[in-house]
Structures are given as structure tokens and as C-alpha cells.
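Chemist: Sequences are here, hints too, so could you generate the full structure?
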Amino acid sequence: DGGITQSPKYLFRKEGQNVTLSCEQNLNHDAMYWYRQDPGQGLRLIYYSQIVNDFQKGDIAEGYSVSREKKESFPLTVTSAQKNPTAFYLCASSMVGTSYEQYFGPGTRLTVT
Amino acid sequence: EDQVTQSPEALRLQEGESSSLNCSYTVSGLRGLFWYRQDPGKGPEFLFTLYSAGEEKEKERLKATLTKKESFLHITAPKPEDSATYLCAPSITGTASKLTFGTGTRLQVTL
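Taken in sequence, the protein lines are chains A and B. If you read the first sequence in the working numbering, its first letter stands for residue 1, the second for the next number, and so on. If you read the second sequence in the working numbering, its first letter stands for residue 1001, the second for the next number, and so on.
Just so you know, the hints here were simulated from the structure itself, not pulled from any lab data. All the pointers check out, no bait thrown in.
EDC-like cross-link-like pairs, simulated, lysine to aspartate or glutamate; straight-line CA separation at most 20 Å:
(1) K1098(B) <-> D30(A)
(2) K1059(B) <-> E1017(B)
(3) K1098(B) <-> E62(A)
(4) K1069(B) <-> E1001(B)
(5) K1098(B) <-> E101(A)
(6) K1098(B) <-> D54(A)
(7) K57(A) <-> D1002(B)
(8) K1063(B) <-> E101(A)
(9) K1042(B) <-> E101(A)
(10) K1098(B) <-> D38(A)
(11) K57(A) <-> E1001(B)
(12) K1059(B) <-> E1081(B)
(13) K9(A) <-> E1045(B)
(14) K1042(B) <-> D38(A)
(15) K1098(B) <-> D59(A)
(16) K1057(B) <-> E101(A)
(17) K1098(B) <-> E72(A)
(18) K1059(B) <-> E1045(B)
(19) K1069(B) <-> E1056(B)
(20) K1059(B) <-> E101(A)
(21) K9(A) <-> D1039(B)
Modeler: Here you go:
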């Protein structure tokens, strides 16, 4: 059963702590993405990667870090430098080339207090 | 600056009452335009990709169309299960596979 998994579904952290969100895909997609969604705003791109061991900053990368050591995995770390980390985080993946629609995981809701 | 505007922000329809959602975009160059459906608390679900003006795609009660400056998602005889937020996202030439999302139209279909 192919798809994208994100864990956990809900995550609670204290301010000042780093936290890592997991994203795994078994679709054999080359590209992976992290978005943040806040109420009343569109999805905003945090980081993306089109190939293993390479990634690029999106529109709102400050306070976040990623790694892409395996094709299937693209973890996102929300650092203590992120000023407003509470949000719904979505991971997506796609092929690279002529057919590049992105498929999304179920999301992780992060609450920082 | 690339911009995407979806209207209306929210739409309430009775079952069977057809309507259209609008996605207007101002981008430097359009590579493709994507439509997604998102249910509350879940990830977006891919619906359609449109690549060129005049193109149309259909899926059940939904039909997406594309012009040079906007895209429409037509909903024919909607049912309550069509209630969701519908997102459009242009892909801009020269930006690899990045998508720029609009804020969405929240559709509610009542009996």
C-alpha cells in the first residue's frame, strides 16, 4: 500500500526545545517537500529536496532544518529559533519531470507552549 | 510578484445546487495548475492538473477549466460529501516542481 506517512499525528513541546517531525514515503518519488499551514493562510513551503543529499530553502526556512540521507525519508527539525512553531505541518512527495503532482501525508499538528 | 487568489473564501450550497470556484493567478510563467481537496485536519488530496489554456478535466461532479489568467472548479449537483476546502496551486516555470498555494475556498453542502 503506497503512500506517505507522518508521525506523530499530534506533538506537544515546551518552548525552547527542538523537535523532529518524521516523513516517510514508499512511492519511489525523487522529490519531497515540507509545508506549514496556519488558519486563514495557504500552504507555505519550508524546504524541499529533489534528490538525496541535496535540499533547498523554501519561502519560510528560518528556524527549521532538514536532512535527506535516504530517498524515502525527509525529517524536519523545528528548532528553538522558530518564533511561532505552533502549526499544522504537511509533508509531500512527487516525481521530478513531466508528471510532478505532489501527494501529501496526513500531517502533524505541533503545539508549543 | 507571483500571486494566487481564490474566491469566494467560503461557499454554502444546498445539495444539487451547482456553482463554481475561482482561482486567479498572476505569475511570471505557468508550468501547470493543480487543484486539491482538503478535509479538516487532513492532508490535501490531489484532484487535477491543467497545463494549457482551454484544457478541461473532469472527475465525478467536478470539472476544472483553465484560461490564461484563471482556473475554475465547477461543481455540478453537489452532495454533502463534497464539503471540503478546495485549494489551487500554480507551478511556475523555472521553479522546479514548487507549487504556490492559494488560501482555498471552504465549501459546505447542506441537505
